[in-house]
Amino acid sequence: MQTLRRLNLHPGWWLVLPFLLVVMGMFLGPILNILWLSVTLPEPGLDNYAALFESEPLRRMLWTTLRICLITTVMSVILGYSIAYAMMHASGANRNWMISLLLVTFWISVLVRTFSWLMLLGRNGPVNNALMGAGLVSEPVEFMRNELGVLIGMVHYMIPYAVLPILASMQNIDNRVIAASRNLGAGGAQTFWRIYLPLTRPGIVAGAILVFILSLGFFVTPAILGGGRVLMVAEYISVQVLITLRWGTAAMLAVLLLGGVLALMFILSRLIPLSQVFGGARR
Amino acid sequence: MSADSAQSGGLAITGLVKRYGTVEAVAGIDLEIQRGEFLTLLGPSGSGKTTLLMMIAGFQDATAGDILLDGRSIVATPAEKRNFGMVFQGYALFPHMSVRDNIGYALSVRKRPRREIAGRVEEMIDLVQLQGMEDRLPAQLSGGQQQRVALARALAFAPPVLLLDEPLGALDRKLRIEVQAQLKDLHERVGTTFIYVTHDQEEALSMSDRVVIMQSGRIEQVGTPQELYSRPRTRFAATFLGKSNFLHRDGRVWALRPEKIDLHVGSSGDDRTTGKILSQTYFGSVLNYRVETTEFGVLEVDVDAWRGGAALRPGTVVSIGWHDEAVVPLED
Amino acid sequence: MHDRQFMKETLFAGAQAFKAGRMDRRSFLILCGMAGFASQAVLAGKAEAAADQVIMWNWGGQSEVCHGSAIGEPFTAATGIGVGFDTSGPLQGKIREMVDSGAVTADVCDGDLFDAVALGQTGHLEPIDYTIVRADRTVDGYALEHGIAVILYGYAFVYDTEVYGDNPPNSWADFFDTERFPGRRSLYRWANGAIEAALIADGVPRDQLYPLDLPRAMARIAAIKDDTIYWSSGSEAHSMVVNGEVSMGMVWQNRGRSMEEDTDGRYKLVMNEAFAYPGGYIVPRGNPAGRENAMRFIATAQEVGPQLAIFQCLGMTPANPEAFDQVPEADQAYAISSAVNIDNVIFNDPTWWGNNIDEAVNLYLETIS
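Residue numbers (my numbering), protein chains in the order written: chain A, 1 to 283; chain B, 1001 to 1332; chain C, 2001 to 2369.
These are calculated hints, taken from the structure and not from any lab test.
Keep in mind that the hints are not guaranteed to be accurate.
DMTMM-like mimics (lysine to aspartate or glutamate), calculated; alpha carbons at most 20 Å apart, straight line [what the hints assert, rightly or not]:
id, chain 1, residue 1, chain 2, residue 2
1, C, Lys2225, A, Glu147
2, C, Lys2225, A, Glu56
3, C, Lys2225, A, Glu142
4, B, Lys1243, B, Asp1200
5, C, Lys2094, C, Asp2264
For clarity, every value in this text was computed on a predicted model and none was experimentally measured.
The shape of chain A in the complex, shown without the other chains:
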């Protein structure tokens, strides 16, 4: 007990300690296992990591993933911001409608949405038929089965994840601060760029992190809307685990993903206090 007091440990910790250990074990155990697999399969060494430098297709796949996730994040945040802004400035009843519609999309499975996009924007879909009927295009526009299709499907899926944190940060803004800006002579645009946007930055960052990380794990939509030609890291890992049984490669990529996400969080935590981003104490 003497050392305990010196540790300055609240006795409550002893109550949660067993659960903490279980969670740590369940959480850290598998992660360490993955790390271990990545340097032992198929044989001990760093061969799996060396492949990152030696294999051009592997690098291409990672670049595709990064490119698509970044574009998805930027588009989702821009569109999500606009939607959240519209919600904030809609009347109470309209806002409730908009939020309900937004949340309903959470209940529609990825597959259903994906096939809906194929129907809507496919070669013989209503959009292409309308465009051709109106004489705007002579050949169907290739919206789907390529990278554009992947981006449309992913952005659509991700928008709610961008809207919600941004909306929360908008709701946190004191209207008087906005009024103060106008009172001091700033017009709508100035107030937006100098006050509103900076104050919603925690929401933007939270939304962007959420969307980016979720995007990294996406593969049903890219596989289908990309016409099988867009290969992203999550799907590649799943192929290596389930079909080719190259678990070492899969583990290496998983470690790379985890490390990448952690590095991203670290960099962000240097730029902006993460407690703000994840709804900790407000200033």
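Since the structure of chain A is provided, determine the placement of chains B and C on it from the hints.
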């Protein structure tokens, strides 16, 4: 302190109405505000004082009526073009900006040269005595310091009129009294028209040139603090500003301030009535008695505590008197 | 997933003790209760069931119903042992993980015969007991040590009759010729069939197809890449065709018929040069119902009745030669092993695929992505 504020800042409000559906928040206000005046809008919550202020600031549209600044109607001018400074309830400082950037904001959005802004900010920092705090964020300041930043920010562009919405509400009592003095001093130095909203009668009395007592969207009475205190026109004015006894005589109601009643044991020539003490309460500077009289019911009487000697015990029979000019006839 | 795995292990150990009579029902249920989390009831049900059931691991959808009626019913009638299903799809990686973790929950997997080669070499499968399973009731060469072909499925193609009306494509050479047959194509995304098709199109004689010349195949596949999209599931292949996204599509032969029907005959199935893939039944090492029961289940599936029933229900062609000529006349065009098709189809070499699938799939993915 600025040429602008010395030359303008006179406001005229005529027939101003604000209606929300069927509710009239402001129900027809006529008011002249002199250039350089410290005018307080005093009233309970829901009296329309804040709505009136927001209409002057341009954050609320008028349903009817007009607001004139130096003879020109500004009722259709958007808030950002009115050039009125404002200190908000809770201050509404920009949380992501330093003290310096907060104070310089109004000049910065007006695209003033960098050096002019820096100079003006320094001037304002000196004015509100925030030297050394320039780079802090609002969250790193005390309530009183935040209040001063808000003032400096609102005054930085030398507005003809400064609007203050309960600016002392968040401060503790001791600090509030200190800041009242500072505000009054500041007003004298800058010469800007101050329009001050509060529900605190003490603030209203201590700082204002004139006080507007409001109730239910209407003006009850306008006057200097002395006028309002000594000659309340309505029962509401008499109770909202200070305490009052009400006497019913000759078919009218009269107000009689508790401290204007003379109370002593035994009788004298000026006595109006006698009564029995029900209770006494000690307030430091005054002793308050509740006295039951046969003629006027229960009266409150304040006696200077230093003069009265030992407090009279409940049950003591006392004589009560007052001068003729102490009773004020009320309108209703 | 490890927590669930642990729960399962505990329960299955209990289930085995319960079955062996070392644990009474009450204690077993208490153990299930102590496992105590949301899905306990489900798991307990499954764990108890595992003690007197053969669990077939297949791909869900229609196959659960079809395997139940075609194989499960006659099997239960003959042995008294029930049949249950896990419909999550027995991919190689999943089987390997299941066996490695020691918590085997399936008895018979509806896999590919090349899985039997790959997983058999690494010790993840029970060997087939040819005293119960009949080696002569499958195509020559498809009775392997760790698995046996029970059905055949094929990679064929369909084409749009409105696009190629007068001069229809009839071979993989046509399929890969985008000059003579312009239009978009679809290929299978996981390399099977597609690599063989590319090589046949490139002029490799069918008897010299295996071992597959991967670089040559990749060059041919890359050549039509801009005109090709790729499907990963049967329903996706179906929708590409019925939505008119492709003019020619590689399909699973058993799906071809419904595509013809769903497009009112606009698309037509070509069985010439179709690749016959053996669907292998394999048994994970340490399967809960015991090796013998699993073998009896496979033997049941080999019988002519079940073979024809699967064909009727799923369109998968019988692998048992005794059933070849019993396929009804009207259906013969859609069956790989029927007299009209058997000489035109090309039989897959599961050993090559079992040994080379990792390289083949990765190369293929790199080529098409």
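Do the hints match the structure? See the list:
For the suggested pair Lys2225(C) and Glu147(A), the alpha carbons sit about 15 Å apart, so the restraint of at most 20 Å is met. Among the hinted pairs, Lys2225(C) with Glu56(A) is consistent with the structure: their alpha-carbon atoms are about 19 Å apart, no more than 20 Å. At roughly 16 Å between alpha-carbon atoms, Lys2225(C) and Glu142(A) fall within 20 Å of each other, so this suggested pair holds. This hinted pair checks out: Lys1243(B) and Asp1200(B) have alpha carbons roughly 14 Å apart, not beyond 20 Å.
Taking the CA atoms of Lys2094(C) and Asp2264(C), the gap is near 39 Å; set against the 20 Å cutoff, the hint is violated.
The structure is inconsistent with hint 5 alone, although it conforms to all the rest.
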